[in-house]
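Listed in order, the protein sequences are those of chains A and B. Numbering follows this note's numbering, with no gaps: position 1 of the first sequence is 962. Numbering follows this note's numbering, with no gaps: position 292 of the second sequence is 1253.
One should not assume that every hint holds.
The list makes no distinction among identical chains, and a pair is therefore deemed to hold if it is satisfied within one copy or across any two copies.
To be verified - List time: in silico SDA-like cross-link candidates among lysine to any residue, alpha-carbon distance up to 25 Å:
| no. | residue 1 | residue 2 |
| --- | --- | --- |
| 1 | 1069 | 997 |
| 2 | 1069 | 1270 |
| 3 | 1253 | 1173 |
| 4 | 1069 | 1222 |
| 5 | 1253 | 980 |
| 6 | 1069 | 1273 |
| 7 | 1096 | 1074 |
| 8 | 1069 | 1088 |
| 9 | 1069 | 1226 |
| 10 | 1096 | 1081 |
| 11 | 1253 | 976 |
Hints are computed from structural coordinates only; laboratory data are not their basis. Model, not experiment: these values are computed from the prediction.
Protein chains: 2
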Amino acid sequence: MIRLVDLDTIRQAYRRIQPYVHTTPVLTNSSINRLFDANIFFKCENFQKAGAFKARGANNAVILLGRASGRRVVTHSSGNHGQALAFAAATHGFQCTVVMPSTSQTVKVDAIREYGADIVFSENTLDDRLQTLNKVLERTGGILIHPYDNDDVISGQGTAALEMLHQTRRLDAIIAPVGGGGLMSGTAIAARSIYPGIEAFGAEPALANDAFISMQQGVVQPPNPPITIADGLRTALCERTFHYLTQHGVSILTCSEESIRNAQRLLFERMKIVVEASGAVGLAIVSDNREKFRRRRVGVILSGGNCDITSL
Amino acid sequence: MIRLVDLDTIRQAYRRIQPYVHTTPVLTNSSINRLFDANIFFKCENFQKAGAFKARGANNAVILLGRASGRRVVTHSSGNHGQALAFAAATHGFQCTVVMPSTSQTVKVDAIREYGADIVFSENTLDDRLQTLNKVLERTGGILIHPYDNDDVISGQGTAALEMLHQTRRLDAIIAPVGGGGLMSGTAIAARSIYPGIEAFGAEPALANDAFISMQQGVVQPPNPPITIADGLRTALCERTFHYLTQHGVSILTCSEESIRNAQRLLFERMKIVVEASGAVGLAIVSDNREKFRRRRVGVILSGGNCDITSL
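Construct all of the structure, not just a fragment, from the sequences and the given hints.
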């Protein structure tokens, strides 16, 4: 497999998607800085179109397909990638089908329908999801846009870090959540190409530490049982993202569920922003590894904000 | 009484306070725009230092006092102005006393204490608050910084609109909440001096429509019974702010309590931001007056974010 993502493909992706996505702000908060004795820069991808960084990768991948003219993109996702692909498809004139587990939250189903995408439900097992996906691909002749095992998607995700590094002065470290590893791959490639000395940390819940073990053992691990509240991070790496994380010197750090909840609460109460559990793990990592970040300039990507009021 | 606030004093205030306050972002949201068929620009003062626009006026007033050297500033406030003054005092080396009703929420008391200010409790009647305030002023020799009946405070509040107009292209209308009228005065003076054609709307809950009636009858009305959920807007205008609102052609619009709650929810769910009830009335006004804002470019100042998780 040829793996092509580099600073150039990320810069090209940025020029390509910029008319269709938000330039999200970088916020700082002095009381959180005091609490952790660090200088933290929060990249607010929770404010991104469709509520998460996923809009970046989905737009890049869809634009690169060229002319729409009746063509269809397809994916399986219970969460943000499904919304992002439905949004990107609607923006660029493609049809879209999203395979979702029948147990998905109504609010997420509705959000995807609002963008005009079709939904096909599957059982809530990986096997049945993939079977259903394959049937849809066969039946519709659609094009699969995988949430992270796709270089165009990864180049798009890398634009969040690229943009952030334009918005801040030099950072000592950058932290992004790790589920399938698409965001973290793009983040590490962008950040370490621009500043080779920057440390790139992948943030994982301890209850979903498959990437941590994968990197330690040098072999991609299967996903953990899906119990962490950070539901967007329950997936495992693929060979592609494992390769990028290894090649670009990413270290994985883990955090407790309690720290994720506390991070969400701090972001709500002190910064007045809504961040889903999966999106708040970067701050939970700072909290659970204070010595590592003390007195340093740390970029934290808050990756998404799609959660309902009651989950907080 | 000489009233001195104009575009120059607001510009001077802006240069003065800029090192001490946040340049808050202006956010847009396409799903909210679709919902109201308008082009809305949200000025996020909920992200401001100490959680509200009040940090602007408090800093301007405190800096203009000159050398601190043991001097004390004093105010009465159950809410954001108290926090803002405590923050400004701490920043510039002043001592600070805030008179608060003994029924104030613990979280607000704690926030003021965290900035190192002293708190003196009063009964929850306006009479007792003013008596207590006067006693504190006598005893300490402190300087009163009124939350809105003060031109330096009003010049500071006007910097939110000034900054917003730098961040957006020309707006057709600008909306800010009206409690005592300090923010609205500064907003109207800044906006209409820069763009004489802009419409300036003051946003009031229908349950606290004293400014609406004051403007209609040409006489400052007393406050309504304090029942609106927008607790920061329960106060009434003073002669000073009434003068500015009249002089600068402000129209007052009112909204229902339900629309305030819905606005808070939209801001949370669609924009992923936390806005207190008083801070969300601008959007509630758009919702309750749709024809007025249809297809127009509307600036909405989201004035504060200080609310706890359970109030949503």
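Practice problem: Since the copies are identical, ignore which copy is meant and state whether residue 1069 and residue 997 lie within 25 Å (CA to CA) inside a copy, between copies, both or neither. | Solution: Answer is between; shortest inter-copy Cα gap is 22 Å, intra-copy 34 Å.
Self-check item: Identical-chain pair category, residue 1253 with residue 976, by Cα at 25 Å
Solution: This pair counts as neither: shortest intra-copy Cα distance 35 Å, inter-copy 37 Å.
Self-check item: Alpha-carbon proximity context of residue 1253 and residue 1173, limit 25 Å
Solution: Close inside one copy (17 Å), not across copies (55 Å); limit 25 Å.
Quiz item: Given identical chains, is residue 1096 near residue 1081, meaning Cα to Cα at most 25 Å, within a copy, between copies, both, or neither?
Solution: Answer is within; shortest intra-copy Cα gap is 10 Å, inter-copy 70 Å.
Quiz item: Given a CA cutoff of 25 Å, do residue 1096 and residue 1074 count as a within-copy pair, a between-copy pair, both, or neither?
Solution: within (20 Å within a copy, 62 Å between copies)
Quiz item: Between the shortest in-copy and the shortest cross-copy C-alpha distance, which are at most 25 Å for residue 1069 and residue 1222: within, between, both, or neither?
Solution: Both: 21 Å inside a chain and 22 Å across chains, each within 25 Å.
Practice problem: Classify it for me, residue 1069 with residue 1273: is the Cα-Cα distance of at most 25 Å met within a copy, between copies, both or neither? | Solution: both (17 Å within a copy, 21 Å between copies)
Quiz item: Should residue 1069 paired with residue 1088 be assigned to within, between, both, or neither, using CA atoms and 25 Å as the limit?
Solution: within (22 Å within a copy, 52 Å between copies)
Exercise. Tell me, please, which holds for residue 1069 and residue 1226 at an alpha-carbon limit of 25 Å: within, between, both or neither?
Key: Result: close both inside a copy and across copies, 22 Å intra and 17 Å inter.
Quiz item: Which holds for residue 1253 with residue 980 at a C-alpha limit of 25 Å: within a copy, between copies, both or neither?
Solution: The answer is neither: 37 Å in one copy and 29 Å across copies each exceed 25 Å.
Quiz prompt | Within, between, both or neither: residue 1069, residue 1270 at alpha-carbon 25 Å | solution = both (14 Å within a copy, 22 Å between copies)
Comparing the model with each earlier hint shows violations of hints 5 and 11; every other hint is respected.
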